[in-house]
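Participant: Please construct the entire structure, taking both the sequences and the accompanying hints into account.
According to the working numbering, the sequence shown is numbered sequentially starting from 47.
It should be emphasised that the hints constitute simulated quantities derived from the structure, not laboratory data.
27 Å max Cα-Cα, derived DSSO-like pairs, lysine-lysine: (1) 151 with 136; (2) 136 with 200; (3) 136 with 114; (4) 174 with 151; (5) 114 with 174; (6) 200 with 174; (7) 141 with 151; (8) 174 with 105; (9) 200 with 151; (10) 136 with 110; (11) 174 with 108; (12) 136 with 105; (13) 141 with 200; (14) 136 with 108; (15) 105 with 141; (16) 105 with 151; (17) 108 with 200; (18) 141 with 108; (19) 105 with 200.
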Amino acid sequence: MKKIIVSTALLYVLASCGGNQPQQNTETAAPAAEVAPQTMELTINAVGNTMADMAYDTKEIKAKSGAKVIVNLTNQGNDPAMIHNLVIVKQGSEKDVAMEGLNLKDQSYFNATNPNVIAGSPMAEPGKTVTFEFTAPEPGTYTYICTYPGHWMKMQGTLIVE
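Facilitator: Take a look at the structure:
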């Protein structure tokens with residue numbers, strides 16, 4: 047009788063401990079959630095009706111690297127000579143990009159294939175809005191300018207990509 051009780055007790059202990067059998071993990075890992083790229087939309091106004099007072103009303107914008115950025119450029123001027131665009135360029139290349147664009151009227155006064163150009167808008171006539179979108183580049187500081195002839199030195203702002 048003692049043998050039966052000891053044997054039964056031993057079987058109970060082994061069964062409750064799982065014996066030498068490996069334990070199976072019944073939990074399954076949830077698939078990693080894909081994070082959609084951030085999208086941001088903003089409006090920048092081109093203001094002024096003379097070479098002396100033309101400007102962008104927004105001097106600095108921020109975006110996260112990889113974000114989809116939608117820019118609405120509104121030309122609030124009413125003088126027919128005040129035509130504007132917005133071209134985002136690598137810092138230090140503003141003059142080169144603007145000078146290259148002088149003869150590119152049919153391309154909105156900038157060369158979209160220039161490696162210093164991140165993105166750019168069509169030309170906005172007075173009272174009109176144009177929209178363009180781009181993916182924010184790698185983190186850094188970039189400049190946006192108007193490449194219409196003679197405007198780039200006055201019409202500038204900064205894009206900070208984090």
